[in-house]
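J.: The residues making up each chain are set out below.
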Amino acid sequence: MDNNEIWVYVELSGSRIEPTSLQLITKAKAIADGRPVVAVIPEATTVQAETIVSQYGPDKIEILVDDRFAEATDEEVSDALFQVMDKQRPNTLLFPATILGRSIAPRLQAKLQTGLTGDCLDIYFKDTLLVQVKPTYGDNIMCDIVCPDRRPQMATVRPNTFRAVQDSSATTKIEKPIFEFHKEEAASILSTKPIINSSANISDAKTVIALGRGAYSEKNVKLANQLAAKLGGMVGVSRPLTDKPEFGHDDQIGQSGNTIAPDLLINLGISGAVQYAVGIKNAKKVVSVNTDKDAPIFAQSDFAYVGDATEFLTAMLGQVR
Amino acid sequence: MKIVVGIKQVPQADSVKIDPQTNNLIRSGIQGVINPFDKNAIEAALRLRAQAGGEVILLSMGPDSYVTSLRDGLAMDADQAVLVSSRALGGADTLATGYTLAKAIEAIGDVDLVLLGRQSVDADTGQVGPIVAAYLGLPQVTFAESISLESANTIIAKRQLDTVIQDIKVTTPAVITVRSELNRPRYETPVNIKQSFDKAVTVWSETDLNLDPEQIGQAGSPTKVTSVYAPEKKGRQTTTLPTDPTQAVVELLNKLN
Ligand SMILES: Cc1cc2nc3c(=O)[nH]c(=O)nc-3n(C[C@H](O)[C@H](O)[C@H](O)COP(=O)(O)OP(=O)(O)OC[C@H]3O[C@@H](n4cnc5c(N)ncnc54)[C@H](O)[C@@H]3O)c2cc1C
Ligand SMILES: Nc1ncnc2c1ncn2[C@@H]1O[C@H](COP(=O)(O)O)[C@@H](O)[C@H]1O
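Keeping their order, the protein sequence lines are chains H and U.
For what it's worth, my numbering labels the leading residue of the first sequence as 1280, then goes sequentially.
For what it's worth, my numbering labels the leading residue of the second sequence as 355, then goes sequentially.
A few of these clues could be false.
Residues on chain H that point at chain U, a partial pick, calculated with CB under 7 Å [stated by the list, open to error]:
{"hint": "1", "residue": "S1292"}
{"hint": "2", "residue": "A1389"}
{"hint": "3", "residue": "C1426"}
{"hint": "4", "residue": "R1429"}
{"hint": "5", "residue": "A1465"}
{"hint": "6", "residue": "L1469"}
{"hint": "7", "residue": "F1577"}
Cut-off 27 Å, straight-line C-alpha distance, at most; resulting in silico cross-link-like pairs (DSS-like, lysine-lysine) [claimed, not checked]:
{"hint": "8", "chain 1": "H", "residue 1": "K1563", "chain 2": "U", "residue 2": "K609"}
{"hint": "9", "chain 1": "H", "residue 1": "K1572", "chain 2": "U", "residue 2": "K609"}
{"hint": "10", "chain 1": "U", "residue 1": "K578", "chain 2": "H", "residue 2": "K1390"}
{"hint": "11", "chain 1": "H", "residue 1": "K1564", "chain 2": "U", "residue 2": "K609"}
{"hint": "12", "chain 1": "H", "residue 1": "K1572", "chain 2": "H", "residue 2": "K1498"}
{"hint": "13", "chain 1": "H", "residue 1": "K1308", "chain 2": "U", "residue 2": "K578"}
{"hint": "14", "chain 1": "H", "residue 1": "K1501", "chain 2": "H", "residue 2": "K1572"}
{"hint": "15", "chain 1": "H", "residue 1": "K1405", "chain 2": "H", "residue 2": "K1339"}
{"hint": "16", "chain 1": "H", "residue 1": "K1509", "chain 2": "H", "residue 2": "K1564"}
{"hint": "17", "chain 1": "U", "residue 1": "K609", "chain 2": "H", "residue 2": "K1509"}
Since the hints were derived computationally from the structure, they do not count as laboratory data.
Heads up, the beta-carbon is just placed ideally off N, CA and C, and yes, glycines get one too.
Could you build the full structure based on these sequences and the hints that come with them?
T.: Structure (structure tokens):
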């Protein structure tokens, strides 16, 4: 009933490859157990994302080339994918749980008449079924979901849940399946503009200094920015601070903001609510500063400093060159 | 403009817990409210009606208790409400829900715009909007953070992706899902609450809509939930740093290297 392959959708924005797609290729290879891993890339002629994608070692890359993919609507992309997949019916089809992935995947799901699990935190095979681990109720509850009878088994997976690892040992076949680009008359993308002020994205930062309600002051914002600059990192915030003039939703860490995966995270004046904690699970080293020794954030931390955020920041700035 | 707003009733945020013994959701006694993003969708619909005229119809699929939320939406000043309700619809996943809502929208007829929330806060999927759009063969804008009426039948909406913002133009009829950044939903006024009780809430079943029994409820749902549990708390081994800030930082920097 299916071709036994795991397909991964490669999302592009201009020539930028969405890192989650690469993370999913690595994850798919890890759980494949003999199933071929296939990357599918709808792209404009000039992009040639396959040169980079192949470094992550999928068994095959299917490229759908048309210059109109540079600014294609959700329908145009899902229509093209449908043409390729309806014939081949992959066993499994994975998307990044980005805005775009979460918009295209369900539209394709309806065309393919199959199941889709959104925003998964884990995926693995149990016999022939893909177990999709999905949080609900704001990450307070987890569900295991399967799609027993229809193919492909579709899932979108939360960014930065897995790490992308290059694999030069694999040989990658490149194919160009036949499809037709169907222009959608009723919708068009008038413009695509880079988001101002966030050329760098906090979810990709190697070092993050996170400020919470307990650490908010004009002075601490300045000190945190200085420290971030010294460490080559970025400043992020918990949700209450997105209302402050210095910060916006792009800077927010957590369930309704960004999932981050830095090598070093320093939390200042953050209590550690579940909705915040889910966003920092993948940080390698976590340091937290809080005046309350019982703050829940400490349970999520490798290093705890019970004390004042300003004093800690000042001391850090004194010690770090 | 005839605008349909899809609304879902969800448990009041943060009050849902898991029974550690049975691994079942403890939902009893929890009040149902309109999914917060759907209130933004209702607000957007009301503003478009103020600009272009027409009517705002609330649509929900779910048990009879969902009437509470439909009444709340009517009290925000929507014109009428439709509830698709029946035993046979129970256990629907996003595909079956999208199919049922799309059929109801067809039955309402001559709809110019379908507005939905970006996602429901209980299921957290955000799939129903694009599925409805696919079934109806309509253009979609998801996660809209602004909506402006350009002419009688064109809308320009902004959608923010991870690194870019798109301006998307759609010709109606169309489907748009909205973010909370779009607007601030209005409060119910005493006058509107009073009037809401005179407004029609139509209830349809699967037979009224001629639904395909293979595509609704549990039978029409490809996905199955095999288990529900509390998330595992991955604690870390925590080292407490000395109270003197300089000493603390020196020790930290040593251990990090
Ligand atoms: C559906 C939903 C989604 C949500 N999504 C998110 C999300 O994505 N991200 C997010 O962050 N939140 C989110 N929240 C909100 C979350 O529940 C918390 O309310 C929020 O994270 C609290 O932020 P905080 O820790 O900065 O503030 P608080 O909880 O107020 O904590 C402040 C802390 O600072 C400490 N403190 C005080 N003074 C000092 C000082 N001088 N020095 C050092 N420490 C000090 C205090 O001891 C306290 O622990 C969400 C909530 C809901 C319901
Ligand atoms: N049962 C339902 N009845 C009406 N609208 C719904 C229903 N379920 C979902 N929706 C709409 O679809 C949006 C996305 O829901 P979901 O895909 O469940 O996250 C919601 O914000 C609602 O606008």
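J.: Taking the earlier hints as the rules, which of them does this structure contradict?
T.: Structure breaks no hint.
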